[in-house]
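Chemist: Fit chains P and C to the supplied structure of chain L, relying on the hints for placement.
Chains as they are written, first to last, in the working numbering: chain L, 1 to 481; chain P, 1 to 340; chain C, 1 to 289.
A portion of the hints provided could be inaccurate.
Claimed, not checked - Computed cross-link-like contacts, DSS-like style, restricted to lysine-lysine with a CA-CA straight-line distance of at most 27 Å: (1) Lys325/P - Lys327/L; (2) Lys63/C - Lys425/L; (3) Lys245/P - Lys327/L; (4) Lys10/C - Lys63/C.
Hint data in this document are derived by calculation from the structure and do not stem from the laboratory.
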Amino acid sequence: MTSLFEYAPALESRSIVDLRPSYGLFIDGEFTEGTGTPLKTLNPATEEVLAEVATGSDADVDRAVHAARRAFTRVWGPMRPADRGKYLFRIARLLQERAREFAVLESLDNGKPIRESRDVDVPLAAAHFFYHAGWADKLEHAGLGPAPRPLGVAGQVIPWNFPLMMLAWKIAPALATGNTVVLKPAETTPLTALLFAEVCQQADLPPGVVNIVTGAGETGRAVVAHPDVDKVAFTGSTEVGQSIARAVAGTGKRLTLELGGKAANIVFDDAPVDQAVEGIVRGIFFNQGHVCCAGSRLLVQESVHDEVVASLQRRIGTLRVGDPLDKNTDLGAINSAEQLARIRALSDVGEAEGAQRWQPEGDLPTRGYWFKPTVFTDVSPAHRIARDEVFGPVLSVLTFRTPDEAVAKANNTSYGLSAGVWSEKGSRILAITNKLRAGVVWANTFNEFDPTSPFGGYKQSGYGREGGRQGLAAYLRSATS
Amino acid sequence: MPGMTHVLDPDALSREGRPLPEPLEPFSDVTRSDAAFRAFLHGLPGVDQVGAEARTNVLGTRSIKTTAKAWAIDTAISMVDLTTLEGSDTPGKVRSLAAKARRPDPEDLTCPSVAAVCVYGDLAGVAKEALAGTGIHTAAVATAFPSGRASRAVKLADVRDAVAGGADEIDMVIDRGAFLAGRYLDVFEEIVAVKEACRRPGGQGRAHLKVILETGELVTLDNVRRASWLAMLAGGNFIKTSTGKISPAATLPVCLVMLKAVRDFRTATGHQVGVKPAGGIRTTKDAVKHLVMINETVGADWLSPDWFRFGASSLLNDLLLQRQKLRTGHYSGPDHVSVD
Amino acid sequence: MNADRLTVRKTYKLYLGGAFPRSESGRTYEVTDAKGHFLANAAWASRKDARDAVVAARAAFGKWSGATAYNRGQVLYRVAEVMEGRAAQFAEEVAAGEGLSATRARAAVDAAIDRWVWYAGWTDKLAAVLGSSNPVAGPYFGFSMPEPTGVVAVLAPQRSSLLGLVSVLGPVLAGGNTAVVISSKQCPLPAVTLGEVLATSDVPGGVVNLLTGDAAEIGPWLAEHADVDGIDLAGTSGPLAMELERSAAGTVKRVLRAAAEEPDWTADPGLARMTPFLETKSVWHPMGV
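Chain L extracted, bound-state conformation (with noise of 0.2 Å):
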């Protein structure tokens, strides 16, 4: 697309960081070699290999859980609580220290832009520490009942969506309460987690308080079995969340998932539109759609529906997709050959069922991964897209009559994650608010985070929270829990 004002390119140097050719596992405090057969770990946006990571093994495992342990027995269990808060304030500020190679680091391996790993990523997992920090010697009087006591070892699998922010939700409420973790990050997207490593070692956190043991599914399998962990915490799929509460079943290990979602945002005819088509752009196509809780149902009022659309469609050809290092790049790469392989595969289905599929104009690079911004009308509720979750840049449009219509369509799903609302009438707002059958529900804005603010899902969409007062109560038990 050729404009009067094309804007040249802006690119983040990549000098800031400084790759090696292999990384190790972080156990016990130090970088190992891993016994499983490693992995390569790629650029999406390029399909350049970054660095091979080693794979952790079952006795990898073992070896990374006994540190915990030990760590837990001997250091981190008995220490202050407020020495523990000071770590944690440490760590905090070394991920704003070195923000910037940490967001970079981050896109080369995610593909997410520039601008949103630099602004939302790295700062969140920076302020999640924070927040984090001041808890760990004021549980008493965090209302979770008297005596709070750590769990133990928790063994937490992240997903590559948001490899930092997902990193700093597990490891810092589990280091407040006083766990130790053993961390296992997706394997898509490693680099950052081995990163988060050296500042460990920089803030002399004790050896074995938190451990990084890389890995693909397998890894995560031993993680999860191992019988010496006392806690499981996961994000990821709905289905591997089911098979980690199996494989928990009957082993007393204490459990949180944060799983899919497909959520419903609803524009009421009185929405402050312009806004409203803001709101609808960052709710799906934030993070190229790879957000559990992505706003990847459009419910639009029918008598609004033709001009949404436009709105929609007019704000999309704005959309910048291109190289993620690109300050300017509001969509990057989909970050593996898999996950566009299931995006194209649903978006085809989605055509085949009979929605109409729109893309803007504009070419894609041609190496890499990449998928257009993509806008499904006359979609059903009975079709795929408005089922099963893309994770991908792609909005199903669906339509509806009455407030109660929209209600019952945006609970028509097995998942509960997050909804938004969009009206300039409070109290409709706080009805529909309340109907809504879903752990965050965005009024008037979407896809906002912070660490005061507990977050997690209804229904299948996982249960336990992160973040908050409430978030503790997943890495504690009281003398009445």
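Modeler: Just chains P and C now, kept in the frame of chain L:
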């Protein structure tokens, strides 16, 4: 970089002869009564302030480099209404400003001239004479600027006087008191009357009318949207944020709402209206943010001095400094641009 | 009382959707006292009864969860009031079924009544205790509030047939959930009588559905049921408990595990049985003019 539209359309003013007795279709009946007009303006979609600010914050992170920056700086210079609105203004001051408007960077002949020089009405003739033959417009503030607190007769006389003095453009203020009191039809009728007073003696078209909303006194973005529509329906050629005498003056969210209003108005009526943020825009960075906002919200049709202006004084020097930096590759200093 | 009078015995049926049907299967089983003497034939609920109970519980969820917390508290307190009037009957059934002395049976009944009072008082405090105002770093008003999970399957304790039952049912209802309960298999009679109390205590039909029968038979159907949101395994143990937890995984149910041994139900219950069946909803709204 595609063609630059850095000069004003020379025929724009003579085309402006068409009378506008009532609002354009499909809105011709909305001013039939106070109640109807109020219902119309209050039926416009609301503006969520936080959402509007979030949008401009993201647009503000755009990184404009090299060739794009060079184009943006020249475009911004060509959109400047170089302004002096002081009690201490003199013919000498205005002539000096006109000289600068014509050749902002005396050391570089490739530097475009600005769009207009904006002065009080009594100095319009001085400006007009100093700008003769340059294509640069003379703009005059009128209607008891900046407060607008005078009788309608006085306001209209003020306008006629400035037009007679040679003003190509009239920057009027709306009656904010009437607007805030809900007397929308009064505000509308006054704009229509001012528009009529813009007619040149001898019937050679009319001076362009810029309608200053003084958004700092309207406060809410909902009011900004309503006032924008009101001014457009009344026949304003431009809607302008501020007098520069009230803080806050031009802000990005206010300008965003006004841009969306002119876009929606054109979609509905086919008639294009310009936008002029004024006051508080002092740096190249600020100006570039506005150009980015135009580019990504209403599109290239507004990326020209015919449709977008910056009401500013100190902005021009910063644009010139940045221009010199781009051209020479090293940082410039204030002694390398002229004092106003 | 006329010693010669032949008593009118009660037919012990299911309590389902506000009515008292027999099992659709037509099955009953013999309930005896602790010494093995015949007490009654109880309805032996089938998987289809469980299915119907889930439908009734789902239908009742909107109204019960949407009632004001004050109203739910009043209804639960009413249950205590009505139970008090039938305390003697409950004591007799508990004594016979659990083999307790009259005094201890009466103490269990009193504790069960008081447990309703405890939970009745909780309904309008949960939001204050579990909710929060969230000071997010931006121009948004943020708050979190507890909401009921939905339809909860309750496998009631096997030993403590009334106090145990009330101790697991009360917290589910206080939070605004509706329930499908499988009673103690050996001592189901207090559960049926409780159903009669609920039916006359302003508890809307379908909010509580009481099935008498075998948790090992019906439990798996409830654990796998896609329209059941949570399951309390209190009345199970060992391999059955593990199997049910595993089955519940397929629909990501909230599972409240059973303790290794049936607990002392007279202990202070705290929040521990309410929070597993409460969700947290976080809401954001911009603050602008």
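Chemist: Does each hint hold? Answer for all of them.
Modeler: Hints, one by one, checked against the model:
1. A hinted pair counts as satisfied when its Cα atoms are at most 27 Å apart, and Lys325/P with Lys327/L qualifies at roughly 22 Å.
2. A threshold of 27 Å between alpha carbons decides the hint, and for Lys63/C with Lys425/L the separation of about 24 Å falls inside it, so the pair holds.
3. With a C-alpha separation of about 36 Å, the suggested pair Lys245/P and Lys327/L falls outside the 27 Å cut-off, and the hint is violated.
4. As the CA atoms of Lys10/C and Lys63/C are separated by approximately 31 Å, the hinted pair breaks the 27 Å bound.
Violated hints, listed in ascending order, are 3 and 4; each of the other numbered hints is respected by the structure.
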